[in-house]
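As you go down the protein sequences, you meet chains A and B in turn.
This note's numbering puts the first residue of the first sequence at 27, with every later residue one more than the last.
This note's numbering puts the first residue of the second sequence at 1104, with every later residue one more than the last.
The hints are simulated quantities; they were obtained by calculation from the structure and are not laboratory data.
Check before you lean on any hint, since a few could be wrong.
Now the stretches of chain B that chain A is said to cover, found in silico as 3 or more residues with beta-carbon under 8 Å [what the hints assert, rightly or not]:
#, segment
1, 1350-1363
2, 1482-1489
Examples of chain A residues toward chain B, derived with CB under 7 Å [to be verified]:
#, residue
3, 59
4, 64
5, 66
6, 69
7, 73
8, 83
9, 187
10, 191
11, 246
12, 248
These numbers were taken from a predicted model, which means no experiment stands behind them.
Just so you know, even glycine gets a beta-carbon here, dropped at the ideal spot from N, CA and C.
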Amino acid sequence: MSGRRLNLGLVTGGALVGVVVAAALVSFVWTPHDPTLVDAAGKLREPGGGYLLGADKFGRDTLSQLMVGARTTLYVGVVAVGIAAVVGTPLGVAAGMAPRSRGWLSELIMRVNDLVFAFPALLLAVMLGAVYGAGTLTAMIAIGVATVPAFARVARAATMQVMVTDYVLAARAAGRRGPAIAVRHVLPNIGSVLIVQASVSFAIAILAEAALSFLGFGTRPPTPSWGRMLQESQELLFSTPRLALWPGLAIALAVLGFNLLGDGLRDHLDPKLRSARG
Amino acid sequence: MRRIGIWIALGGLLLGTAACGGGSGGRSGGTAAKESLSVGFVAEPANLDFTSTEGAAIPQALLVNVYEGLVKLDQDGRIQPLLAEKWDVSPDRKTYTFTLRKNVTFSSGAPFTADDVVFSLGRVRTDWKLKIKSQFDVIDKVDKKDDTTAVVTLKRPSNGFLYALATRLGAMFSRTGVADLANKPVGTGPYQLGAWKRGDSIRLDANPKYWGTKPAAGTVTLKYFKDATAMNNALLTGGIDVISSVQAPESLQQFADPNRFTTVEGTTNGEVVLSLNNGRPPFDDKKARQAVRYAIDHKALLDTAWAGRGKLIGSMVPPTDPWYEDRTGDYPYDPAKAKELLGGKTYTVKMRIPNLPYAVASAQVVKSQLAQVGITADIEPLEFPARWLDVVFKQGDYDMSIINHVEPRDMGIFADKSYYFRYDNPAFGKLLASADEGSEQQQTDDLKQAAKLLSDDAAADWLFLFPNLIVAKKGVTGLPQNAIAESFDFTGLAKQ
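Next comes chain A alone, as it looks inside the complex (with noise of 0.2 Å):
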């Protein structure tokens, strides 16, 4: 196990998700200045002399709005995820445990999941937005909601997998009741495929609260959040384009980060490629 030589996207990944990470905790403790504070005279400031990214139109500094961004968008993410994961998880392993006789609690299961993923996530934080005011909580719960059905979905199929093995029928006939055998036996098991869905659903979130910032939606102004940043820039975009390069570099690089680590997570737990390394 611990010979297994990691690959790239998984290093790649990692460093990428890294930095966004490292640039949200520091940011908790220190940012070059004060990121929503207002300076007239430093209106769009070039790069340098403390303002190593320069400034946006209200004298903002753009790396400390970057690295609060990197914060907001991390937290949306964990909410989010965390939502998905917490709800979808459940409900798949109990539909892909439903013996034959109780087939249809699986069928309902999986088809108020198709239900809700038809809706897209971001119809869904508008719609949330409109009736609750908009907003990061609305946005995060809005997204989590949406990603329920991934996490149920993949969780019943590795569910199913592992239902028919050989442990899991010593089990039953063992005695064990359902409840015991998911917790002992079906969670543990199908936890790296979570994990890799949890991954790139967090690639996905990050994409979803950037747009619903950038159409209002989403964080409230001014706390930083890169969609909005690139919302504000675009007026900006002919006369000083780095102020939309650098939250869109953010997003893409972040986006990217995490669904690499997806990717390489996915190849480092499978356990067939595991078996074909030796």
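Fit chain B to the known structure of chain A by using the hints.
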């Protein structure tokens, strides 16, 4: 669909130039009707009934264009005859006798007579639901003398009456045309409603029965954009001919090429007000309100939030009004003074703003500057117009807001205790009343005092005067230099 629109527009352009060769004076209705123009706006009206629905977007689209009043405002803010050929004022200034234009019909075909004047002005009191309808409380009665003469009797002399008559309050409705105002406006104006694609555009077609000079553009399409950049792009790519009000002033340099675009920069009646809820803590305390005014660096705000376009004002009077005085010096930027006024206390307040570009940009500057003196403003953008009007304007559930008050000569809104400012100072009401009743000189003097009182009381803070920034394709003429009436007047617009 859009492509077809462009071809029609191009066709109109060619025909238009041909007609111009023959001299623009003798243009007949036939060729004029071919020309079409599309104008970009933000904030689509919720419906088309400005008698029951607040919001500036409806009169902006319909007044003067679809509805006409007895009088109208010209570019310099002077009152000009429209459906009334002339009017006589009695020596006691309480009786106005209007002589109406003959041969005027509504777009429905119904003739316009003194009965419609009696009907329309009477309706303001009985059917209108707007806050500003109180401006007509001064009317005692409206009588028909004969078909073309209407007599309005006031309870007391009023300087503001004729002016109010030029706003949407004075719009003339047909007695048979008010059944479905929200969808089917019927007026005497040069245009009538062609089609309304909700969420997209309103098309106005020339009214073939119009009594006056036919407008140059046979069709005007008002296209509504949620997004400032989308509106800019529409002009760059030829989707629209005019941006009625630039919503992203930093982007103006895209339109710098004089061979392709014309830019107009003038002033408006629009005071961008930082509204403070005078009716509940913390801003029921004058000191807290004054602290806010001292804490804001207005020059910095205008430079960052709106690219320095616009003008700083210190009270509810735009420079185009005769009683304007420079009040920007009343509360110079002084954070130390603000802290002193707050007495070391800190506050957290709800800043509920419309989700419009100027409000979102200004709010971030206000928040940052208030944070320096110990006021935490939680920004909450609400969807405009519906949500904002409901929560802030109707229910008054806010501490602080930012909105552009575009109505002309609208200082009177502060005299209404139930208006969402919840400002209550009887002295202010008295000044406005005596200004309205007195001579012209007294009006000017009193209103100057009233503006000073508002500023001293810090009834609100005035962030800046909204600029009239219009960008159009080169060759579009008739663009208003200043936007000081409630409507965007399409009648003079033409493409060369």
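We went through each hint and held it up to the structure:
| no. | hint | result |
| --- | --- | --- |
| 1 | 1350-1363 | holds (count 6) |
| 2 | 1482-1489 | holds (count 5) |
| 3 | 59 | violated, 12 Å |
| 4 | 64 | holds, 4 Å |
| 5 | 66 | holds, 3 Å |
| 6 | 69 | holds, 6 Å |
| 7 | 73 | violated, 19 Å |
| 8 | 83 | holds, 6 Å |
| 9 | 187 | violated, 47 Å |
| 10 | 191 | violated, 53 Å |
| 11 | 246 | holds, 6 Å |
| 12 | 248 | holds, 4 Å |
When the structure is compared with the earlier hints, violations turn up for hints 3, 7, 9 and 10 and for no others.
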